[in-house]
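Could you put together the complete structure from these sequences and hints?
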Amino acid sequence: MSWVVAIAIGLLATLAVWPERDSPWRDWPLMLSLSIGLGLSFTSLTYFLWVARLRSMLSSPHPLDVGLTILLIPVVAMRVRSWKTEQSGPDSRRSHGTPLFAALTMALASLDAAAFLVMSRRAPFGGWDALATWNLKARYLAFGGADWTEVIRCGLADYPLLLSGAIARIWYDAGHASPLAPALIGALFTFATAGLLIGGLRRLRGPMAGWLGGTLLLATPSFLKHGARQYADIPVAFFILATVVLLTVSAKQRGENRSSWGFIALAALFAGFAAWTKNEGELLVAVLALVLLVGSGRGRHLSALVAGLTPALVCLAYFKVAIAPANDLVAGQDHSTWGKLLDPRRYAMIAEAFAVQALTAGEAVFPSLALYGWLNRCARPRLEPWLRPAAALLALMTIGYFFVYVTTPHDLAWHLRTSLDRLVLQLLPGIVFVAIAALTPEEYPAIAPASTESAPAIRVPTP
Amino acid sequence: MPTHSQRPFDPASNTRVSLAIWVLLAVCLIRTIGGYAGNLLQLKKELHSTPGATHEIHYLRGVVPVITDPTAYYARFVPIRALLPPTGMVGYVSDLPPVRDLDQDIYQSSLVLAQNALSPLKVRTDKRCEWVVGNFDRPDGARSVKEPSLELVKDAGNGVVLFRRKRS
Chain S
8 MSWVVAIAIG LLATLAVWPE RDSPWRDWPL MLSLSIGLGL SFTSLTYFLW
58 VARLRSMLSS PHPLDVGLTI LLIPVVAMRV RSWKTEQSGP DSRRSHGTPL
108 FAALTMALAS LDAAAFLVMS RRAPFGGWDA LATWNLKARY LAFGGADWTE
158 VIRCGLADYP LLLSGAIARI WYDAGHASPL APALIGALFT FATAGLLIGG
208 LRRLRGPMAG WLGGTLLLAT PSFLKHGARQ YADIPVAFFI LATVVLLTVS
258 AKQRGENRSS WGFIALAALF AGFAAWTKNE GELLVAVLAL VLLVGSGRGR
308 HLSALVAGLT PALVCLAYFK VAIAPANDLV AGQDHSTWGK LLDPRRYAMI
358 AEAFAVQALT AGEAVFPSLA LYGWLNRCAR PRLEPWLRPA AALLALMTIG
408 YFFVYVTTPH DLAWHLRTSL DRLVLQLLPG IVFVAIAALT PEEYPAIAPA
458 STESAPAIRV PTP
Chain U
55 MPTHSQRPFD PASNTRVSLA IWVLLAVCLI RTIGGYAGNL LQLKKELHST
105 PGATHEIHYL RGVVPVITDP TAYYARFVPI RALLPPTGMV GYVSDLPPVR
155 DLDQDIYQSS LVLAQNALSP LKVRTDKRCE WVVGNFDRPD GARSVKEPSL
205 ELVKDAGNGV VLFRRKRS
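So the protein lines, in turn, are chains S and U. The first sequence begins at 8 in our numbering and counts up by one. The second sequence begins at 55 in our numbering and counts up by one.
Treat the hints as calculated values from the structure; they're not laboratory data. Glycine residues also receive a C-beta, built at the ideal position from the N, C-alpha and C atoms. Keep in mind that a hint or two might mislead.
Said to hold, decoys possible - So the derived list for chain S, only partly shown, Cβ under 7 Å to chain U, looks like this:
#, residue
1, P131
2, F132
3, G151
4, E157
5, A226
6, P228
7, S375
8, L382
Shown next, in the form of structure tokens:
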């Protein structure tokens with residue numbers, strides 16, 4: 008049951024930083040999805056702290072959770088009062104097609120859940136990366152005692168420990184390495200990503216856009232498959248999407264002169280968690296800092312950035328400096344890097360691989376979006392000011408990934424073949440979020456032509 | 055007077071939007087069926103394959119593109135696990151040759167599975183430890199170990215053998 012406690016702590020933490028006078032109950036899909044990711048990540052972090060530094064002082068990691076809960080409850084209690092005084096009715100944005108789309112999304116989610124169960128039963132300890140890296144590291148964190156540093160001899164040696172810590176936490180409480188734990192963590196992150204996409208689009212563009220985005224992601228079996236294989240790319244995809252959604256919500260809040268500190272702090276917290284999951288997350292942290300510095304540059308926003316990044320980056324710094332070996336991509340750089348940067352054949356090869364992914368990734372999700380945008384020309388793509396930071400973040404991430412390949416010390420063809428599809432999956436939910444938000448008017452019309460007569464008066468984007 | 059952004063939605067635009075949504079829905083349906091059909095084909099292949107230790111690793115590493123359950127592989131180590139200390143370090147030997155191609159390296163893969171099965175013991179490719187675990191592809195693989203200082207403690211009969219360093 009330790010995962011239930013983790014989610015409860017996540018819920019408290021989400022509510023504690025949720026801005027005043029902005030009721031979280033209306034955005035329950037967004038709040039619940041964020042709570043799942045936040046709770047699993049926070050308790051993974053406290054478990055790592057206990058294993059690495061506090062085991063001699065505390066007999067178990069549970070006092071850390073109790074302390075965290077005691078700290079959070081008064082803050083949440085104060086916030087609840089401000090939400091009670093808020094004068095806002097239920098979300099009035101509705102269209103005639105919303106119930107139908109909600110039902111379709113739920114049907115798809117049920118099909119995916121069944122498929123997830125079948126795949127988890129076939130491979131209870133996940134795919135190869137899960138076996139060789141994440142679950143093996145979790146075994147040493149849970150049962151290794153003083154030998155926990157053996158994690159640096161498992162698979163991707165220098166990779167951080169959020170996913171392994173979350174699994175180890177459950178194994179430690181259970182007393183044995185049950186295959187249910189990694190499968191459960193995989194399922195929670197996979198379906199929380201869909202929930203986050205639905206919740207984020209629902210808040211910003213209305214319920215129809217939310218269901219539309221959710222349907223698109225849930226109709227991507229390769230995303231589900233990687234979740235069932237217990238790969239860390241799915242938690243990273245969740246954290247990138249959370250950063251993108253919260254950055255967008257905070258930008259919209261700023262545009263309406265409302266408080267955005269809490270949302271920026273949460274966005275930074277999730278970016279930090281991405282860095283504590285896989286090395287790709289370090290790029291997300293750098294890009295988020297750049298986007299906030301260039302886009303806002305206000306001291307208050309920078310304080311939110313620092314506050315949000317601190318918990319995960321402190322652990323990451325300790326792990327990287329004191330425990331982990333050097334990263335292969337960094338240690339492999341030498342004088343030949345300049346030659347690689349000036350080699351046009353490498354650029355052509357990487358561009359070709361990216362183009363193939365753009366056409367095929369996630370069962371052709373990007374061409375599906377392009378077709379939707381082309382048919383839906385009345386809702387001209389509008390990158391509204393509040394959507395621009397998220398679009399910039401995703402564009403910079405893509406450019407960053409491109410240059411990692413340009414400078415890789417490994418055989419380029421092998422590196423592209425074995426990793427690019429998973430890097431694209433990391434960005435996929437974020438790209439779906441920005442695309443649906445840009446292509447969909449805020450309040451959607453009825454989806455059946457016959458019902459257009461009774462369609463309510465709605466706003467259309469300003470030409 | 056209503057502003058431009060608040061005017062009623064244009065029915066012609068509405069039809070187009072409806073069409074876009076229905077087309078997107080159809081595409082989602084096709085993508086879902088296509089994606090899961092691929093999985094079912096893989097499952098069919100898996101059901102018609104012959105199981106075996108090395109074969110399992112081939113599956114797990116994606117050489118044969120299906121995933122499966124390593125529990126049976128872990129079970130091979132059960133007969134020797136009780137004879138080993140709960141924590142500490144053990145050596146590891148195998149008759150599988152290391153392969154340069156990372157995707158096909160069955161030696162490395164079998165070592166990783168042994169680490170999983172024996173954790174939290176630290177498994178090292180070092181014969182100087184007091185305890186040395188042999189993980190062989192052939193049932194008589196233990197004969198390939200030509201180390202006079204190691205004595206056989208237990209042969210599990212499935213390719214897994216436990217050696218102990220002789221006390222001098």
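To see whether the hints hold, each was checked on the structure:
With a cut of 7 Å, the hint placing P131(S) at the interface with chain U holds, because the nearest CB-to-CB distance is about 6 Å. Because the beta carbon of F132(S) sits about 6 Å from the nearest beta carbon in chain U, less than 7 Å, this interface hint is met. Because the smallest distance between the Cβ of G151(S) and any Cβ of chain U comes to about 4 Å, under 7 Å, the interface hint for this residue holds. Hint status for E157(S): holds, given a least beta-carbon distance of 5 Å to chain U, under 7 Å.
For A226(S), the interface hint holds, the least distance from its beta-carbon to any beta-carbon of chain U being 4 Å, beneath 7 Å. Using the Cβ-Cβ criterion of 7 Å, the hint placing P228(S) at the interface with chain U is satisfied: the shortest such distance is roughly 3 Å. For S375(S), the interface hint holds, the least distance from its beta-carbon to any beta-carbon of chain U being 5 Å, beneath 7 Å. With a cut of 7 Å, the hint placing L382(S) at the interface with chain U holds, because the nearest CB-to-CB distance is about 4 Å.
Hint check: no violations occur; every hint is consistent with the structure.
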